[in-house]
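Participant: Chains as they are written, first to last, in this note's numbering: chain A, 1362 to 1768; chain B, 1362 to 1768; chain C, 1362 to 1768; chain D, 1362 to 1768.
In short, the hints are calculated from the structure, not lab data.
Check before you lean on any hint, since a few could be wrong.
Since the list can't tell identical chains apart, any single copy or any two copies may satisfy a pair.
As the list claims (entries may be wrong) - With a straight-line cut-off of 30 angstroms between C-alpha atoms, the simulated DSS-like cross-links for lysine-lysine are:
#, residue 1, residue 2
1, K1437, K1757
2, K1685, K1563
3, K1757, K1685
4, K1437, K1495
5, K1563, K1678
6, K1740, K1624
7, K1634, K1678
8, K1437, K1701
9, K1624, K1611
10, K1697, K1509
11, K1563, K1675
12, K1690, K1563
13, K1740, K1757
Number of protein chains: 4
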Amino acid sequence: MPSKRRVINDPVFGFINIPNEFIYDIIQHPYLQRLNRIRQLGVTSFVYPGAQHTRFHHSIGAMYLMNEALKNLKEKGHDISNEEYNGALAAILLHDVGHGPFSHILEHTLVKNIRHEEISLLLMHQLNEEWNGKLQTAIAIFTDTYPKHFLHQLVSGQLDVDRLDYLRRDSFFTGVNEGNIGSARIIKMMDVRNDHLVIDSKGIYSIENFLLSRRLMYWQVYLHKTAVAAEKMLINTLTRAKELATQGEKLFASPSLSYFLEKNITHADFENKGEALHHFVDLDDNDIWSALKVWASHPDKVLSLLSNGMVNRKLFKIEITAKKQRASKVEEFVKKYESKYNLSEHEARYLISHDVITTNMYSEEEESIDILYNDGSIKDISLASDMLNPELLSKKIGKYYFAYLRD
Amino acid sequence: MPSKRRVINDPVFGFINIPNEFIYDIIQHPYLQRLNRIRQLGVTSFVYPGAQHTRFHHSIGAMYLMNEALKNLKEKGHDISNEEYNGALAAILLHDVGHGPFSHILEHTLVKNIRHEEISLLLMHQLNEEWNGKLQTAIAIFTDTYPKHFLHQLVSGQLDVDRLDYLRRDSFFTGVNEGNIGSARIIKMMDVRNDHLVIDSKGIYSIENFLLSRRLMYWQVYLHKTAVAAEKMLINTLTRAKELATQGEKLFASPSLSYFLEKNITHADFENKGEALHHFVDLDDNDIWSALKVWASHPDKVLSLLSNGMVNRKLFKIEITAKKQRASKVEEFVKKYESKYNLSEHEARYLISHDVITTNMYSEEEESIDILYNDGSIKDISLASDMLNPELLSKKIGKYYFAYLRD
Amino acid sequence: MPSKRRVINDPVFGFINIPNEFIYDIIQHPYLQRLNRIRQLGVTSFVYPGAQHTRFHHSIGAMYLMNEALKNLKEKGHDISNEEYNGALAAILLHDVGHGPFSHILEHTLVKNIRHEEISLLLMHQLNEEWNGKLQTAIAIFTDTYPKHFLHQLVSGQLDVDRLDYLRRDSFFTGVNEGNIGSARIIKMMDVRNDHLVIDSKGIYSIENFLLSRRLMYWQVYLHKTAVAAEKMLINTLTRAKELATQGEKLFASPSLSYFLEKNITHADFENKGEALHHFVDLDDNDIWSALKVWASHPDKVLSLLSNGMVNRKLFKIEITAKKQRASKVEEFVKKYESKYNLSEHEARYLISHDVITTNMYSEEEESIDILYNDGSIKDISLASDMLNPELLSKKIGKYYFAYLRD
Amino acid sequence: MPSKRRVINDPVFGFINIPNEFIYDIIQHPYLQRLNRIRQLGVTSFVYPGAQHTRFHHSIGAMYLMNEALKNLKEKGHDISNEEYNGALAAILLHDVGHGPFSHILEHTLVKNIRHEEISLLLMHQLNEEWNGKLQTAIAIFTDTYPKHFLHQLVSGQLDVDRLDYLRRDSFFTGVNEGNIGSARIIKMMDVRNDHLVIDSKGIYSIENFLLSRRLMYWQVYLHKTAVAAEKMLINTLTRAKELATQGEKLFASPSLSYFLEKNITHADFENKGEALHHFVDLDDNDIWSALKVWASHPDKVLSLLSNGMVNRKLFKIEITAKKQRASKVEEFVKKYESKYNLSEHEARYLISHDVITTNMYSEEEESIDILYNDGSIKDISLASDMLNPELLSKKIGKYYFAYLRD
């Protein structure tokens, strides 16, 4: 295998070395290559045209940070065997492999009964079989059944390398520079006590900054109103398409997309190398966009209106408010669309979306960020920080949105 | 229209203002929005995973630089009317609108008898009709029939804002930082003499740097051997698909892709709002990738081998050499594939690609880069520079490649 | 005057244009040129070797941001006359002109009875006379006696361009990237209501980020323990030097430094073009460092120990704690130094420094950051933010330090 | 020693680790700390206000790159012992230790009979004695008497880490982004054949880019006309000051600067721990600036005019031309100054400077940049590159300048 391929040029972290053959084989596997065709931020590129980066690229970046974190912990004297080292790298490389295109949207429409983490795990098991158990440690770390808990925390925790990568990467590609976090400093401050990740107290300001940057990215990027509008529009589009397809209407779609449009998929369909899994790993952004473009001239008024809106950026108009919309306002819009487009009430409702959007930035239940003091004591960041409001940190913030087709 | 949309966040240039309603309407038009679904660098993301940026994003960046260049020229006392200002902005925004997905590949396979510049012009004329002549000046500037020649040079010339944007942008997203050019400095050094763009002699080092960066980007990015291998593989894939389709084989494809697969399109099909143009503006990267994924399990061995290679990154192996490959070597490979995959000779040849790749960095015929000295004299850069080799600057560099399916 | 000088190359903001002759003349004046010899962050370069940037560079950057802010406010329809525009630019350019070398250190030692803001104002008045009243508006804006209060807020307020520049610039040159703030976004979100600066509610996350970045910069940079140690050591050094000088000891120093070492300067010495002002504008970092190097071999043990520590980076060792040090510990150190270096108790105390360090990030009394909502209502950020702890935002944070000569 | 000090925050390369105690001790030594008070680019900050970075910072950066280069060569299988590794790191850290303030200016005025490389070596020998021979290998590498020649090439050669660092660093701090070179890529492409550094042929474009960036930096930064004007003015100032001092005139100066002003220093004064060396390591930028400020009001008209020009940025006006100035023009200026300032001819000539400035970017005699091809053959870059003009590459470029006091 030529040495040249062993370095990946990343505008975020510079040259990224692929540490060994085992990791290289994972990266080359079709399951990971598929992530090259799935954008990390889905419809967000409607708002930030630079945000075209893929889940593949994110996975590589997270592997780079995992490598940095493991090196740092070894230098601090923590024992990490080669098997564990590779296991952690493999686990982070594969952690997103169960994502579909527009993942959160798909989980509300075509792939309802299973979460992407479960699919990641199913795929890891399948690869593990293929590779005669070589992913055993990776799977144990991923599922938190491996004795060294801190390795799992690096893969999935309040300060995992997943978040460290995506915040920096999303900040970089959107151009929202304030979202930049000090990933290198945070990694340098990482240590382990009682098998848990802790952060040296000198790093407390970097952690505060990390939490606030994450929050800024949530509202400025991930929950940007135009991105929410696009997401809701796509949910309605796919829901309508599935409704039509299950009623026997023939819609243009790739075979794998057809499968999810026409069938109501259960959890069981995914297990035991079921056909759902087979079709799932065939899906990516291209299937959705190809279909939307054809559907834009479908005779069904609802489907064509919505698909055309997605394709030609005539997105839902959206209002985000602290209080819920009056029910009567919704009904007024329904009436208007019924008459304007000659639709049934059921159909007209597809041109509207309204609900609550919530985020909680930091959930103590999930797992805490522990700050380690010079005297050996440990405090959760929400207590250690004299700046952040501990109650608010763990409070869910809810806002209401009301989105509807533009005239 | 909400003011918030009038600013686009660009990781390369920061906030980009959309100057007025007219420009905003162009950006919102489906023709420009389509460019959001066409990657600027096509298959190059096989090598540089960050290179996912779109032709839309490039068009916006080029518009930003055009705006900077026009402001600078006005400040230097050159007369540019509002009509001309908007015309130049519109021309650059629309200059790439005729690109299809994987543009250069398509021009070798499905869309053979017309170049993307011609399609851009056809689409501009169509929009001009739609908008009652509002693009008249833009079209004149684009076609170089407008009296002020220097405006055309900003759109298309040795130092046009097209190149200034794409070199910086491609450098940024690939992470090949040495490709970075001093676009701001070059624009500050621009002036006009005798209706031609000139560069103040203080800027000569920036021009040399620009020419060399361009060269570096050519060999390091645009003609990177893996990218060439992918490009050649995709050409063979589409050629095979078209061969099968014209023979009546039913291939999965979106309606517009089917059109180009099944028909042999002539120049006339594009003119007069012909159906070719209609289908063309429906094509984007998604159609190609969707089809490739389905074709990867097509019964035709050649099509499935090639499509699978594209989808799962089993790209052609490639050798680039100063001398041409021995003919006998090619024939050995043909023989090998015939027996290995049980193919006819005609079919086996699809698994190989070999030819010459050339680039000439700077062609004096095309149009020169003129350097303006303090005494008012003007010299072409190839004479003005004491560093660059003038003969070599305009010499075509040719290399030979031999690409073939990996075992 | 050659046009080339009218652009300043800034690694932070790119090319900065000098808008006109009047501004150019201010920049060229010896008072501003002197700031080229005063580092923005004083002794902080002991910790961050990149932090060598000058108060001159900061002043230019702040002028750039003022220009951006004024342009933005004009575009939003606020009336700003040319006189006001230039006045605001001049005020920000001159706002730091009263800083001496190691400003805060000097204000604790050699220049005790006057603050740098007062000196800035004295110098502005002097320039105003020199220039026949051309700085009248600038002075009125600086002193907040100009009718348009918001112009003063841009010069000196919670969100003034002074802070916007220094946070970005200090973050850039130290390499503490997390300190990066979204200055461009904040400026875009600025508006004016009732003659007060307000921030559009869409910008609330950028403001939170700004406040937290500022806090991070305080603890990570401005109050970094090594920087504090160096600062305290220099205070003791200069205090000892002044003690010796006022006792008639001849110390090497430039004439202007001698003046401040030998005399006890009063506020009156500065007024009416007094000689203090004359000598003050002659002082810069070079006078201090030149003297320290010579003092490092002065026969006075205290002076030479301290000066040598500064010159050769044998800085005070420092402990920063939440609680005050035991008084007995201090006395132990005094005793130790007395015997070790054969010093009197009075002298030995120079080798120690201990006190409290405080910061309050956001003081509501000072002036609030007002957030403007779509419905026209306005809230202070400490109420508008659901994230930041309002009580803590305005609470002074105090820590204790104990610094002492290393063995 | 606390671990926190073992990392240096560098805005150019991020966190730089100090690899071990030995290297740490070198960095802490007064000789290296002195470089903190000597700017890398001397008077260039008159043009680029960001260019305040120090020789210390550059030395640290070069050490970082040396570390990267050595790691890379070890990974490629080249044998480098710990002793050699540390020797190379020490050699590069100390390579600039013999620089004085405004080094090239000083070598034309106060320190004429010895070059900075010789002083570096003298200081290394002195440290070696102090440290009982620990610098033996470093000195051998520095002086190219160590058996492994390629280690010397990394310290001092066409592609040494000295250049790699200063080009990137100077580009970064000046804001001349086009000067950015791909240091990481160049280091990755380094290999060793026959004890000589070679560059893999894939890196040829990076080398071309490196050579051209260097050239751009020369003309845009190092030989920027305003920087040349300032340099020539400072040479005349110091020459005049020395003339006065040797005539017995008492000039304000630190003791060490006085030493060099009053004495005519010979090479012998530097050797055997002579007093010249002792005074030399006491000199830095502060001595020069402190003196200039005082000299600006010295009764000698020539000295005060020139010093005032330096302090208040009334620099020589300069003309740079391809041909030499007419001799008569020089004489006209001399005459003018004689009468205007009432000076003798000898004195008037101090207000003028004229000569030739030359640079040769790449000298084949010095040592070549060798390109290694896949077939094992090696070619010099001037032959390997089809772009760069080989004759011109090694040609000295000479221009004439004529600089004189502004009216």
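Participant: All the hints need checking, so say for each whether the structure fits it.
Facilitator: Status of the hints after comparison with the structure:
1. K1437 <-> K1757: neither (37 angstroms within a copy, 35 angstroms between copies)
2. K1685 <-> K1563: Between copies, since 20 angstroms is at most 30 angstroms while 43 angstroms is not.
3. K1757 <-> K1685: So K1757 and K1685 pass the 30 angstroms test inside one copy only (16 angstroms; across, 39 angstroms).
4. K1437 <-> K1495: both (28 angstroms within a copy, 28 angstroms between copies)
5. K1563 <-> K1678: between (46 angstroms within a copy, 17 angstroms between copies)
6. K1740 <-> K1624: Neither. Shortest intra-copy (50 angstroms) and inter-copy (52 angstroms) distances fail the 30 angstroms Cα cut-off.
7. K1634 <-> K1678: neither (42 angstroms within a copy, 33 angstroms between copies)
8. K1437 <-> K1701: neither (68 angstroms within a copy, 37 angstroms between copies)
9. K1624 <-> K1611: both (13 angstroms within a copy, 25 angstroms between copies)
10. K1697 <-> K1509: So K1697 and K1509 fail the 30 angstroms test inside a copy (60 angstroms) and across (48 angstroms) alike.
11. K1563 <-> K1675: Classified as between; 22 angstroms across copies, 49 angstroms inside a copy.
12. K1690 <-> K1563: Classified as between; 25 angstroms across copies, 52 angstroms inside a copy.
13. K1740 <-> K1757: both (22 angstroms within a copy, 22 angstroms between copies)
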